[in-house]
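Q: Sequence:
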Amino acid sequence: MRDFFINALEKLIAVVIIIMLIGVVIGSLAAMFGGGIEGMPGGGFLGGLVFLVVGLIYVVFLGGFMYLGLGIYQNTKATAESMARMESRG
Numbered sequence: 223m224r225d226f227f228i229n230a231l232e233k234l235i236a237v238v239i240i241i242m243l244i245g246v247v248i249g250s251l252a253a254m255f256g257g258g259i260e261g262m263p264g265g266g267f268l269g270g271l272v273f274l275v276v277g278l279i280y281v282v283f284l285g286g287f288m289y290l291g292l293g294i295y296q297n298t299k300a301t302a303e304s305m306a307r308m309e310s311r312g
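The C-terminal position of the sequence shown is numbered 312 in our numbering, with every residue numbered one higher than the one before it.
Any given hint could be a false lead.
As the list claims (entries may be wrong) - Distance windows between CB atoms, simulated:
{"no.": "1", "residue 1": "Glu303", "residue 2": "Ala230", "range": "28 to 36 Å"}
{"no.": "2", "residue 1": "Gly269", "residue 2": "Ala306", "range": "54 to 62 Å"}
{"no.": "3", "residue 1": "Asn297", "residue 2": "Leu268", "range": "39 to 47 Å"}
{"no.": "4", "residue 1": "Met305", "residue 2": "Ile241", "range": "36 to 44 Å"}
Since the hints were derived computationally from the structure, they do not count as laboratory data.
No experiment lies behind these values; they were computed from the predicted model shown.
Positions of the beta carbon are idealized from the N, C-alpha and C atoms, including for glycine.
Put together the whole structure using the sequences plus the hints.
A: Laid out in structure tokens, this is it:
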């Protein structure tokens, strides 16, 4: 049962990362080509490009940390199983 939840979390993280990527792309396009409010500067092409680059860096970092947490869990589980096998052999 525990493996089901860990595997489901891994799939959920993948879905969240994809949604975040779509949001960054849509937000950057809106900043590049959106009109802006009258009297206030709009994002412009450069602003949208900065939004895209910073957003992608953010998604990579956040996704990396999420997968790092899952990797720590899986590594700890494998280490515990290995130590139990070594203990049973003598």
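Q: Work down the list of hints and note, for each, if the structure agrees.
A: Verification of the hints:
Restraint check, Glu303 to Ala230: a C-beta distance of roughly 21 Å breaks the suggested window 28 to 36 Å. One distance hint, 54 to 62 Å for the beta-carbon pair Gly269 and Ala306, holds here, with the actual separation near 56 Å. The supplied range of 39 to 47 Å is met by Asn297 and Leu268, whose beta-carbon atoms lie about 43 Å from each other. Between Met305 and Ile241 the C-beta distance comes to about 39 Å, which sits within the given range of 36 to 44 Å.
Against the hints set out earlier in the document, a violation occurs for number 1 only.
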